[in-house]
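Number of protein chains: 2
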Amino acid sequence: MTTLQVALSGREYPIFIDDQLDPVQCLIPYVAGKQVMLVSNVTVAPLYLALYHEALVRGGKQVASCILPDGERYKTHESLNTIYDALLSAGFNRDCTIVALGGGVIGDMAGFAAATYQRGVAFIQIPTTLLAQVDSSVGGKTGINHPLGKNMIGAFKQPRAVLASMNHLSTLPPRELSAGLAEVIKYALIRDEAFLVWLETHMESLSGGDSVLLAEAVARSCAHKAAIVAADEEERGERALLNLGHTFGHVIETYMGYGEWLHGEAVAAGTMLAADLSRRLGWISAADQQRIADILKRAGLPVLGPSIPVNEALKLMGHDKKVLAGKLRFILLKGVGQGVIASDIPDELLAETLRAGLSGPGRPEECSSKPFNSAAMNPLTGDTEYGS
Amino acid sequence: MTTLQVALSGREYPIFIDDQLDPVQCLIPYVAGKQVMLVSNVTVAPLYLALYHEALVRGGKQVASCILPDGERYKTHESLNTIYDALLSAGFNRDCTIVALGGGVIGDMAGFAAATYQRGVAFIQIPTTLLAQVDSSVGGKTGINHPLGKNMIGAFKQPRAVLASMNHLSTLPPRELSAGLAEVIKYALIRDEAFLVWLETHMESLSGGDSVLLAEAVARSCAHKAAIVAADEEERGERALLNLGHTFGHVIETYMGYGEWLHGEAVAAGTMLAADLSRRLGWISAADQQRIADILKRAGLPVLGPSIPVNEALKLMGHDKKVLAGKLRFILLKGVGQGVIASDIPDELLAETLRAGLSGPGRPEECSSKPFNSAAMNPLTGDTEYGS
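Residue numbers (this note's numbering), protein chains in the order written: chain A, 1 to 388; chain B, 1 to 388.
Quick caveat, the hints were computed from the structure, so don't treat them as lab data. No false leads were mixed into what you were given.
A pair holds if it fits inside one copy or across any two, identical chains being indistinguishable in the list.
Okay, derived cross-link-like pairs now, DSSO-like style, lysine-lysine, Cα gap no bigger than 27 Å in a straight line:
1. LYS327 <-> LYS150
2. LYS34 <-> LYS315
3. LYS34 <-> LYS61
4. LYS34 <-> LYS327
5. LYS315 <-> LYS61
6. LYS34 <-> LYS150
7. LYS150 <-> LYS315
Quantities reported herein were computed from a predicted structural model and do not represent experimental measurements.
In isolation and in its complexed conformation, chain A is listed as follows (with noise of 0.2 Å):
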């Protein structure tokens, strides 16, 4: 078993890592008080409830569990109040711990509502998904969706434990595991080439769910965010590095409507946009954006966003939480390994990178080998760009 441990707001919480975690030495420790609601969701549930509430039952707990539908399009404030109705009705105080036991979406709503609940109560997560095991088990951020918005409302909380089981993820989509690993390649890009090249000699593997090396995929993947988060926690500066795909990702999640592009695929497919921006910015060579096209299509994930007009495009960015007083800020790389918060932005390169980015078909699975859209070709050079 690995074990990380994280330090935020000057508190510590461990991350545990193996095939398989034992819940009496992995979560009952870390229960706060009796009273425990496990929050999952339909598909997650049936697999590995009764493993979680067994154990709390036998170690003492007074368990109840609230199951939500599964899906980014369920990450509403109607879900939330789904949780807020079962901790009242089954009288739950202020020394009770919630559990989530899903992916992002399910992390996001049971911790946002131990963020709130009562002004806040003990959290544990136990991320079924690899994106959710790379991405939501660090950093505490926890929130819904808004009509008007993705992740409008929300909080920081931290949890008091993650347990991170490669087990759990044999029972993941490929398409699932996939949109997990646009996220950890997205921590080799921002900072550490040499978790780039360990990811080009074993992507097969990894998507394939070899559970040793998405075990050290998902402790390497972690320890940078953790470094990243505990230098910025409240996403005032460097931790915006983490959004790298993510600006141009959301506008693909919201054109399209959640939950028809998972939220990995859109953050591949932002990447790519995010990796043709900078090339054209001079930052970063053709060769490069070549070697991300090749490890995202490597790791079954897309490479080009929908067809979204320019303008359509412009008009949803605008609405990002990571505009800063009006200003577009952009995740874009210098190097491979090198993430840089960029601004000013000259209007032209961005329409062209959103030109040759958002033109692919609808659907992510379509978008990982098309050739490249004729009409977001550059007419002075000629270039066929990333799709080829």
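Assemble chain B onto chain A, guided by the hints.
Just chain B, lined up with the frame of chain A:
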């Protein structure tokens, strides 16, 4: 102008207290960014919104406002969502500032919106009721009610500044001023008998609206609250003393429906129940109990709760968030000026107090000077107790 510096969560913020406060000096320097959302209600906005709106615009800020209905019954998710909608529709970003202009309900909702909009934006409070000035100015408690319980959803959020203008109290209905005095009296009862003597000297001037005396009462109250909260920011110990009268008060508010009894009125009646229980435990004398009843009555406050069956009251206490692990905790008095946290109260004493104290008419205006309900009279002593 009195300025009280409050240091919480490693941050420090000023409470400005004066008859009239200059927004250029006390408000604008505390605004983060350029975007300011003024949150107020239909009662307060026509009186004071223009003053702050114009000053902010003159100060170069982009100002929007969100006017909610007035009253505790609107402290709901729907009102909160109205604030979120206003923020998103105006395109407000993470560097915006939310200003609460109103009583405790507006402060709680605007503060919770500030705690959760984009995971937290800047917050300034302009409390326009005495209760909000002496209570919600300090401590950072924010939140909304849930159909299953009061203040069940919330967060801790410290403001950047608090502006307490005595001038705003001139338009407050006398009943609301009295409700604020209930909280002022509370500080005296739990930790400062000398302050009680001062209140006994000046009560008629205070309830008559003398702004110099009110400013002193606000400053002394806020200083007491700041001292307690600084020692226990997340309400795990000593801070619970601030809930004197509140556990019983919540029973009254919940049973009667939010808004029938003002919060301060319910707290006043609840304080008398706490005093009654303290006297039954032998911790204060009958004369002490009478002294407390006298000051509350002089402040125009009820000293009896409405008639509520004991079993109903006990059931309602079971959902109170101050219940720790299923055990009822009470804030009682061991002498006037010394609050204590008590548990293991004998059931029979509690029932006697509930029978005696929850026996008045349904309307708080009638609960100040009614003769004590004979059904609740102690058959052994014939005590007519505090309702005389």
